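A.B. asks: To convert, take the position in the sequence shown, counting from 1, and add 751; that gives the working numbering.
These are calculated hints, taken from the structure and not from any lab test.
Small disclaimer: the values here were computed from a predicted structure and weren't measured.
Honestly, I wouldn't trust all of these hints.
Unchecked claim - In silico DSS-like cross-links for lysine-lysine, where the CA-CA straight-line distance does not exceed 25 Å: (1) Lys1225 <-> Lys1181; (2) Lys1281 <-> Lys1225; (3) Lys899 <-> Lys1104; (4) Lys1106 <-> Lys1185; (5) Lys1339 <-> Lys1307; (6) Lys1307 <-> Lys1225; (7) Lys1185 <-> Lys1225; (8) Lys1311 <-> Lys1357; (9) Lys1311 <-> Lys1257; (10) Lys1307 <-> Lys1357; (11) Lys1281 <-> Lys1126; (12) Lys865 <-> Lys899; (13) Lys1304 <-> Lys1281.
Claimed, not checked - The following label-pair restraints were derived from C-beta to C-beta distances: (14) Arg1192 <-> Asp1065: 35 to 43 Å; (15) Pro857 <-> Lys1307: 28 to 36 Å; (16) Pro830 <-> Thr895: 15 to 23 Å.
The beta-carbon is built from N, C-alpha and C at its ideal position, and this holds for glycine as well.
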Amino acid sequence: MQQPTHGEIPEFRRRYRYLVAFVLLSFVVLMGRLWHLQIARGDHYRRLTENNIVQSRRIPTVRGRIYDRRGRLLVANRPSYDVYVSPRFVTRDAVEKLVELLSLSPDRARSLRKRVERYRGKRRVSEMLLLRDVSRDQLARLVTHKGKLHGINVLAVAHRHYREANLAAHVLGYMNEVTRAQLRRDKGRHYHPGDLVGRAGLERAYERHLRGVPGRERIVVDAHGHRKGDAVAAELLKGERRSEPIPGHNIYLTLDVELQRLAERAMRRHASGAAVVVEVNTGRLLAYVSRPAFDPNTMTGRLSVEEARRLLEDPHRPLLDKVSRENYFPGSIYKVVSAIASLEENILDPEEKVKCVRFHHFGGRNFRCGHAHGKVALHHAIAESCNVYFYTLAEMVGMDRMARFARMLGLGASTGLGLNGEVGGLVPTKEWYKRRKRPFRIGFTLNAAIGQGDVKVTPLQMVMLYAAIANGGKLLSPQLVERIETSDGMLVQGFAPRLRRQIKLKPETLRRVREALAAVVAHRDGTAHKARLDNIEVAGKTGTAQVGRRRDKDGKLTYKPPHAWFAAYAPARAPRIAVVVFVKNGGKAARVAAPVAMQIINGYFKYVSSGSTSGGSSSGGAGSTSKPVGAAAKRSVAKEPAR
752 MQQPTHGEIP
762 EFRRRYRYLV
772 AFVLLSFVVL
782 MGRLWHLQIA
792 RGDHYRRLTE
802 NNIVQSRRIP
812 TVRGRIYDRR
822 GRLLVANRPS
832 YDVYVSPRFV
842 TRDAVEKLVE
852 LLSLSPDRAR
862 SLRKRVERYR
872 GKRRVSEMLL
882 LRDVSRDQLA
892 RLVTHKGKLH
902 GINVLAVAHR
912 HYREANLAAH
922 VLGYMNEVTR
932 AQLRRDKGRH
942 YHPGDLVGRA
952 GLERAYERHL
962 RGVPGRERIV
972 VDAHGHRKGD
982 AVAAELLKGE
992 RRSEPIPGHN
1002 IYLTLDVELQ
1012 RLAERAMRRH
1022 ASGAAVVVEV
1032 NTGRLLAYVS
1042 RPAFDPNTMT
1052 GRLSVEEARR
1062 LLEDPHRPLL
1072 DKVSRENYFP
1082 GSIYKVVSAI
1092 ASLEENILDP
1102 EEKVKCVRFH
1112 HFGGRNFRCG
1122 HAHGKVALHH
1132 AIAESCNVYF
1142 YTLAEMVGMD
1152 RMARFARMLG
1162 LGASTGLGLN
1172 GEVGGLVPTK
1182 EWYKRRKRPF
1192 RIGFTLNAAI
1202 GQGDVKVTPL
1212 QMVMLYAAIA
1222 NGGKLLSPQL
1232 VERIETSDGM
1242 LVQGFAPRLR
1252 RQIKLKPETL
1262 RRVREALAAV
1272 VAHRDGTAHK
1282 ARLDNIEVAG
1292 KTGTAQVGRR
1302 RDKDGKLTYK
1312 PPHAWFAAYA
1322 PARAPRIAVV
1332 VFVKNGGKAA
1342 RVAAPVAMQI
1352 INGYFKYVSS
1362 GSTSGGSSSG
1372 GAGSTSKPVG
1382 AAAKRSVAKE
1392 PAR
């Protein structure tokens, strides 16, 4: 082993002395700093820690906006003020002072006290919402008496605002307070007591995208829960004190707000019903009306007892989405299903005539028709809505074969819209009756062929069926959302048209059915001829569906007014849109539903289709807030924040 030279040993000793000196100096500096903090400034920091408490406070995020297809704002957020309570610091005296300052009713005051007592003194709940959206007058009183409101704070927040009240209410949905059961399941990941969550419509379906991510801030409060200044926080807190909230995503719909307004005006005189408009080649829904509607602004937050009672006791059920959430007897708009089954299976020659004397005698009973049509073949049977022709056809087609074609055309199953708990309707079969221990009779088939008996559909199913007839057999999924973007315009997700299936129909079948539907409106004996438009050729079918009997207050048996339907597409030769109008217990379809549909179709071609209907850029109407879309939108794909 090589020994160190005489020159290396002094050098090593010199470096060792430097190291020892550095360590001693560092120790002296550290001891001096500790003396400064604990002796010289000890009383100061002791007072800080005794009189101040570090608290983590959530920073509310901004919920995503909802726009129509042209960038016109439908749902936004308005500034407001909410009252929050810190359970650790709040006192009963402070709560009583709050009740006094806000002049709360006895019921509301009792509810508020109960809510505070549930959490009071619990350290794990840093802050919870107590009152939402206080008025400016109430805000002024709270600020003036802040010193007496220990543990109570007022925060500026953004509140949901539905700009056109009940317009498209069933599509947009509403929000209300998160339940205790939801809070237990969530375990504080996304929601806190008092938060609002989507309860219906798009607010619920796209909650994950709309809600955003709250921020966090570490603050210093005094023993009464009042926030201290930033200087105190900077002195006590080290490191990052604030993480900014991430706004929710914005949603762009396929709806056109102008057509939606027009459709709602057209339906206004009818107490209960639905109207829906779809692009036949894309499945994009342009209007979606359910009558009666509700104002989501009154639903969001805590609904008053009176308002809740009014909504729940209304016999027309305003909260029920009648486009997709309830199914109804379709009546004669269902006859296209029977006709297609016969044509595809070569059951009855479409040129063969059946004699209609207003009744069809079968199985010991008479099945009725609205008129004595004489001898009619398929074309006029559809145009004039002859029941006897379809009774005759039904005997040959049979229940199960008719059901098979109904399912092929999209009935008996949900469309896949994914909104408001869509129902699938009912397409009965012999097996269906067997499962219900009901002996099957051929008469059931006769009723089913004209959309009566046990057949049930939704307006949404029927508009997609008629769109498939119009576009050559493409059964599309209905679409309400065109794309989702971040708050700064980056694309999160786009939605292309989606084909459920290509219905394999013979060209001759489609030709005959489409010609017959055009004759419903164009032919002088067509059931919708009186509702025709002078400038637009419309193809469609009326349906007046009987809905059974009821007893009046005197016990007398009376018939309920029938449902009125009209299903159509236009223009008949080169279809662009399909429309279905349903008026519950409305009466005669030709007098009630057909004029509404014609008004909507006329409005589409007069006011809406003059601009781009493919989601391009357009300025909004008066008083609207528009955002450029299409080419102006950034096409980069945004990374979704952890949620």
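A.B. asks: Taking the hints in turn, state whether each one holds.
C.D. replies: Status of the hints after comparison with the structure:
no.: 1; hint: Lys1225 <-> Lys1181; verdict: violated, 28 Å
no.: 2; hint: Lys1281 <-> Lys1225; verdict: violated, 31 Å
no.: 3; hint: Lys899 <-> Lys1104; verdict: violated, 89 Å
no.: 4; hint: Lys1106 <-> Lys1185; verdict: violated, 33 Å
no.: 5; hint: Lys1339 <-> Lys1307; verdict: holds, 23 Å
no.: 6; hint: Lys1307 <-> Lys1225; verdict: violated, 48 Å
no.: 7; hint: Lys1185 <-> Lys1225; verdict: violated, 33 Å
no.: 8; hint: Lys1311 <-> Lys1357; verdict: violated, 37 Å
no.: 9; hint: Lys1311 <-> Lys1257; verdict: violated, 40 Å
no.: 10; hint: Lys1307 <-> Lys1357; verdict: violated, 48 Å
no.: 11; hint: Lys1281 <-> Lys1126; verdict: holds, 23 Å
no.: 12; hint: Lys865 <-> Lys899; verdict: holds, 20 Å
no.: 13; hint: Lys1304 <-> Lys1281; verdict: violated, 37 Å
no.: 14; hint: Arg1192 <-> Asp1065: 35 to 43 Å; verdict: holds, 38 Å
no.: 15; hint: Pro857 <-> Lys1307: 28 to 36 Å; verdict: violated, 47 Å
no.: 16; hint: Pro830 <-> Thr895: 15 to 23 Å; verdict: holds, 21 Å
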